[in-house]
Amino acid sequence: MYSTIIELSSTPIAEEDRASHEEIPDWFRDGIADYTEDADDRELSLRSFAQAMDDYADFNIEENSLTLKADAKEQFFQRAYRKYKETLEKLAQVPLEEFSGLVRTPSEADSLSHLMYSLRGTIEDRFGTYIYEDEELSTLDEWLRYASNGVSYYIGGVMAYHY
Numbered sequence: 001m002y003s004t005i006i007e008l009s010s011t012p013i014a015e016e017d018r019a020s021h022e023e024i025p026d027w028f029r030d031g032i033a034d035y036t037e038d039a040d041d042r043e044l045s046l047r048s049f050a051q052a053m054d055d056y057a058d059f060n061i062e063e064n065s066l067t068l069k070a071d072a073k074e075q076f077f078q079r080a081y082r083k084y085k086e087t088l089e090k091l092a093q094v095p096l097e098e099f100s101g102l103v104r105t106p107s108e109a110d111s112l113s114h115l116m117y118s119l120r121g122t123i124e125d126r127f128g129t130y131i132y133e134d135e136e137l138s139t140l141d142e143w144l145r146y147a148s149n150g151v152s153y154y155i156g157g158v159m160a161y162h163y
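Counting from 1, position 150 in the sequence shown corresponds to residue 150 in the numbering used here; the numbering is continuous, with no gaps.
In short, the hints are calculated from the structure, not lab data. Be aware that one or more of the hints could be misleading.
Stated by the list, open to error - DEER-style ranges, computed between Cβ atoms:
1. Met1 with Asp38: 14 to 22 Å
2. Ser48 with Arg79: 14 to 22 Å
3. Met1 with Arg47: 18 to 26 Å
4. Gln78 with His162: 28 to 36 Å
5. Tyr117 with Trp27: 30 to 38 Å
6. Lys83 with Asp40: 30 to 38 Å
7. Tyr117 with Arg145: 34 to 42 Å
8. Arg145 with Asp17: 50 to 58 Å
9. His114 with Arg29: 21 to 29 Å
To be verified - Quick list of in silico lysine-lysine cross-link-like pairs, DSS-like style, CA-CA up to 27 Å:
10. Lys85 with Lys69
11. Lys73 with Lys85
12. Lys90 with Lys73
13. Lys83 with Lys73
14. Lys83 with Lys69
Even for Gly, the Cβ is constructed at its ideal location relative to N, Cα and C.
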């Protein structure tokens with residue numbers, strides 16, 4: 001499967017200064033991606049990203065920028081937060097015997113390992129879109145938690161990765 005890495009900056013990025021897949025840190029290729037590459041069709045990748053983020057950001061493709069809407073964070077995380085709370089409630093019901101490995105739950109969907117995997121997935125999508133900003137790579141979820149609503153971010157390099 002493929003996903004996208006978008007370079008963002010608080011200042012405009014000249015075309016010749018855009019990041020390429022070679023700048024992506026080794027830990028990403030060692031733990032998440034099989035390989036990375038520069039996007040075959042940058043414009044198509046950006047349109048897809050803009051469409052996915054339409055409820056949370058205003059895009060100006062001519063200026064290569066996006067501005068997070070005032071309620072971007074609340075809207076973006078609303079569904080994941082509900083799932084997070086539901087998963088925590090289920091985890092609170094895990095008995096000591098299962099937690100310690102003495103017994104296993106009959107339902108794989110309610111097993112401790114599955115619930116922990118689900119919990120992590122509500123916090124961040126490790127196989128979704130990544131943001132490359134200031135030579136740091138983070139999941140879209142992590143980046144969005146620290147980004148500022150109403151601020152313009154400029155788009156630079158667009159890369160793809162396979163996982």
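Okay, the hints, checked on the actual structure:
1. Met1 with Asp38: 14 to 22 Å: Given range 14 to 22 Å: holds, Cβ gap about 18 Å.
2. Ser48 with Arg79: 14 to 22 Å: Hint holds: Cβ distance 20 Å, inside 14 to 22 Å.
3. Met1 with Arg47: 18 to 26 Å: Once the Cβ atoms are compared, 19 Å apart, the range 18 to 26 Å for arginine 47 and methionine 1 holds.
4. Gln78 with His162: 28 to 36 Å: At 30 Å between Cβs, range holds.
5. Tyr117 with Trp27: 30 to 38 Å: violated (20 Å)
6. Lys83 with Asp40: 30 to 38 Å: Cβ of lysine 83 to Cβ of aspartate 40: about 33 Å, so the range 30 to 38 Å holds.
7. Tyr117 with Arg145: 34 to 42 Å: violated (20 Å)
8. Arg145 with Asp17: 50 to 58 Å: For aspartate 17 against arginine 145, whose Cβ atoms are near 26 Å apart, the range 50 to 58 Å is violated.
9. His114 with Arg29: 21 to 29 Å: holds (27 Å)
10. Lys85 with Lys69: At roughly 25 Å apart (the allowed maximum being 27 Å), lysine 69 and lysine 85 satisfy the hint.
11. Lys73 with Lys85: holds (17 Å)
12. Lys90 with Lys73: Within the cut-off at roughly 25 Å; holds.
13. Lys83 with Lys73: holds (16 Å)
14. Lys83 with Lys69: This hinted pair holds, its Cα atoms lying about 23 Å apart.
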